[in-house]
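Spelled out from the first residue to the last, the chains are:
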Amino acid sequence: MSAQLWIWILVGLTFSLYIGIAIWARAASTKEFYVAGGGVSPIANGLATAADWMSAASFISMAGLISFSGYDGSVYLMGWTGGYVLLALLLAPYLRKFGKFTVPDFIGDRYYSNVARTVAVFCALIISFTYVAGQMRGVGLVFSRYLEVDINTGVLIGMVIVLFYAVLGGMKGITYTQVAQYCVLIFAFMVPAIFISFQMTGHLIPQIGFGGEVSEGVYLLDKLDGLHRELGFHEYTSGSKSTMDVFFITAALMVGTAGLPHVIVRFFTVKKVSDARKSAGWALLFIAILYTTAPAIAVFARTNLIETVSNKEYDELPQWFENWEVTGLLQFNDKNGDGKVQYVADQEKNELQVDRDIMVLANPEIADLPNWVIGLIAAGALAAALSTAAGLLLVISASVSHDLIKKIVKPDISEKGELIAARVSAFLAVILAGYFGVNPPGFVAATVALAFGLAAASFFPAIVLGIFYKRMNKEGAVAGMVVGVLLMLFYMTKFKFGWFGGGTQEDWWFGISPEGFGTFAMLVNFTISIVISKFTPAPPMEVQDIVENIRIPSGAGQAHDH
Amino acid sequence: MSKQNLKEYWKENLKYLAILLLVWFVVSYGCGILFVDELNTIRVGGFKLGFWFAQQGAIYVFVILIYVYIRLMSRLDSKYEVNE
Numbered sequence: 001m002s003a004q005l006w007i008w009i010l011v012g013l014t015f016s017l018y019i020g021i022a023i024w025a026r027a028a029s030t031k032e033f034y035v036a037g038g039g040v041s042p043i044a045n046g047l048a049t050a051a052d053w054m055s056a057a058s059f060i061s062m063a064g065l066i067s068f069s070g071y072d073g074s075v076y077l078m079g080w081t082g083g084y085v086l087l088a089l090l091l092a093p094y095l096r097k098f099g100k101f102t103v104p105d106f107i108g109d110r111y112y113s114n115v116a117r118t119v120a121v122f123c124a125l126i127i128s129f130t131y132v133a134g135q136m137r138g139v140g141l142v143f144s145r146y147l148e149v150d151i152n153t154g155v156l157i158g159m160v161i162v163l164f165y166a167v168l169g170g171m172k173g174i175t176y177t178q179v180a181q182y183c184v185l186i187f188a189f190m191v192p193a194i195f196i197s198f199q200m201t202g203h204l205i206p207q208i209g210f211g212g213e214v215s216e217g218v219y220l221l222d223k224l225d226g227l228h229r230e231l232g233f234h235e236y237t238s239g240s241k242s243t244m245d246v247f248f249i250t251a252a253l254m255v256g257t258a259g260l261p262h263v264i265v266r267f268f269t270v271k272k273v274s275d276a277r278k279s280a281g282w283a284l285l286f287i288a289i290l291y292t293t294a295p296a297i298a299v300f301a302r303t304n305l306i307e308t309v310s311n312k313e314y315d316e317l318p319q320w321f322e323n324w325e326v327t328g329l330l331q332f333n334d335k336n337g338d339g340k341v342q343y344v345a346d347q348e349k350n351e352l353q354v355d356r357d358i359m360v361l362a363n364p365e366i367a368d369l370p371n372w373v374i375g376l377i378a379a380g381a382l383a384a385a386l387s388t389a390a391g392l393l394l395v396i397s398a399s400v401s402h403d404l405i406k407k408i409v410k411p412d413i414s415e416k417g418e419l420i421a422a423r424v425s426a427f428l429a430v431i432l433a434g435y436f437g438v439n440p441p442g443f444v445a446a447t448v449a450l451a452f453g454l455a456a457a458s459f460f461p462a463i464v465l466g467i468f469y470k471r472m473n474k475e476g477a478v479a480g481m482v483v484g485v486l487l488m489l490f491y492m493t494k495f496k497f498g499w500f501g502g503g504t505q506e507d508w509w510f511g512i513s514p515e516g517f518g519t520f521a522m523l524v525n526f527t528i529s530i531v532i533s534k535f536t537p538a539p540p541m542e543v544q545d546i547v548e549n550i551r552i553p554s555g556a557g558q559a560h561d562h
Numbered sequence: 001m002s003k004q005n006l007k008e009y010w011k012e013n014l015k016y017l018a019i020l021l022l023v024w025f026v027v028s029y030g031c032g033i034l035f036v037d038e039l040n041t042i043r044v045g046g047f048k049l050g051f052w053f054a055q056q057g058a059i060y061v062f063v064i065l066i067y068v069y070i071r072l073m074s075r076l077d078s079k080y081e082v083n084e
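Protein chains in written order, with the numbering used here: chain F, 1 to 562; chain E, 1 to 84.
Because the hints were derived from the structure by calculation, they are not lab data. Note that beta-carbon positions come from the ideal geometry of N, C-alpha and C, so glycine has one too. Do not take every clue at face value.
With beta-carbon atoms standing in for the labels, derived distance ranges [unchecked claim]:
| # | chain 1 | residue 1 | chain 2 | residue 2 | range |
| --- | --- | --- | --- | --- | --- |
| 1 | F | A345 | E | K7 | 41 to 49 Å |
| 2 | E | Y16 | F | A538 | 24 to 32 Å |
| 3 | E | S74 | F | G498 | 49 to 57 Å |
| 4 | F | L428 | E | D37 | 47 to 55 Å |
| 5 | E | L21 | F | G328 | 30 to 38 Å |
| 6 | F | G20 | E | E38 | 48 to 56 Å |
| 7 | E | A18 | F | L317 | 55 to 63 Å |
| 8 | F | Q199 | E | A18 | 41 to 49 Å |
| 9 | E | E12 | F | Q505 | 41 to 49 Å |
| 10 | F | V218 | E | Y60 | 20 to 28 Å |
| 11 | F | A345 | E | K15 | 26 to 34 Å |
| 12 | E | K15 | F | V531 | 25 to 33 Å |
Over 12 Å on every C-beta distance to chain E, these chain F residues come out as not near it, computed from the model [what the hints assert, rightly or not]:
| # | residue |
| --- | --- |
| 13 | G70 |
| 14 | L86 |
| 15 | K100 |
| 16 | I157 |
| 17 | L163 |
| 18 | I306 |
| 19 | K312 |
| 20 | A367 |
| 21 | E418 |
| 22 | R551 |
Think about it this way: if two alpha-carbon atoms lie no more than 25 Å apart in a straight line, the pair counts; the simulated SDA-like pairs of lysine to any residue are [claimed, not checked]:
| # | chain 1 | residue 1 | chain 2 | residue 2 |
| --- | --- | --- | --- | --- |
| 23 | E | K7 | F | R471 |
| 24 | F | K241 | E | V26 |
| 25 | F | K100 | F | L147 |
Sequences are here, hints too, so could you generate the full structure?
Here's what the structure looks like:
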């Protein structure tokens, strides 16, 4: 069967599965819509969190990103997994005990102030929107590359699917489709990895093949380091970024992960505090399967690519080279006219441009795998993009219908009215996300990475202090969040878009890149919160009682209804 | 639960957090970033050790840390009878 037919079959099957689940898991109450009724088992929540978390970027781009940056790519691997330790130890169990529906819920109640709640809603919306636009674009790209439809048609198809299960099922529908999506995406990611690992090193497990031998006595990584030296690239296993910057970027990604609202809300869906801890463990385990495989794929693909193209006659290159040249992801320009491909670090002499996404997308063809594997990759990439988009859309709709309408604008709204409001805002959010997917604003790519900085600079300190520092009051928390977010926005717009006079790498404060600046802004947030709270009145007694109460696990069930 | 018990429960919880987060910091920021060059002089199979920590080891330790935390806390919860 042709690859094209396989793609249609596998994508069609998985999509019908998601729609089937959506019909089965309709939400009947706001509690079901926001937190899936609060009775999700830890393992199902772990699976859903993993799918929620791993976006099109994790599935398609990350291995390629590491492939081109070697050791420097470790910031993503450690940053996007280490955050779960913070989440499990410092946030998830306590937020579950607190037992409401959203992150602004916690901020608003803990800091007894609608100003704090509004600031939190604003932060949640900025973070989620920058993120979701990237996902819809990802859906469109996968459709256009694999199904040969127009990108905009692809975005439209993605919107209809997400609309269907997010609007109908709310968190309940999203949770169970995410469980299915995790299974699809991990299978799609692992199958080619296992094949290629076996082909190159004789080991079935990619994590072992990563450190295996390619031929008698020659380790894969040494070979790749050797190839890199020959072609003038920096050695694969050592970095080119400063230690300081690597440190700050890793920290910003970790803390940002722990502060992302669409990840945090997943922990409101389990029955009790101990289940919140357990599902954090499951989630990281499921995520780690992909995250420890990605760097192995990066090395296999990089070595494969260099060996196949470097100094080879252009006319004798395999068929896949031509296939991907057509898409523009590979570009060859024979500068010295010798008919051979020179792929070197020196930009003057380099003749080959490689898009990083190709490392995962073209892998099955480069390794000569059967056609059904190509179909699997398409289905997996769509699962990754759709699951994350749905999780984000839910945060957006809950922020509007619950935090803004129910808690601030119209507190006397009926349960039924709120559910309608939730569905309408989910609907509008999908339309808006789709619009950004079709007309991507130039800043999307730059800001997705920075969404982590924003989360780190705003939510993380406010939540952690709210749990671990009883004396923290609204004045401190609001000031910290506002200054943290503004500082981060200032630095990001200054160095990414050239506002406020712009600047180059030399002008970075303490040599910290905008990607790593979230760590700095977070530290500023902590400092300001603590200093200001020292000079302002302690929080009222009943708030201090809330803090005491969330520290003990028992009794989470009752706390849930409101 | 009495005030005194709550205090003790919270103190033990904080002790666990401090120890686990110390390990978290050492494997990622320590082995994977700050001392990566020193560790890279040691080889384990095909890996330089520092590079392995940054791209594999730290992640394995993260998973283990959460499972250790789950066990410690479930023991602590039963000890103070705050489990559900």
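Determine which of the earlier numbered hints do not hold for this structure and return their numbers in increasing order. 1, 5, 11, 13, 14, 22 and 25
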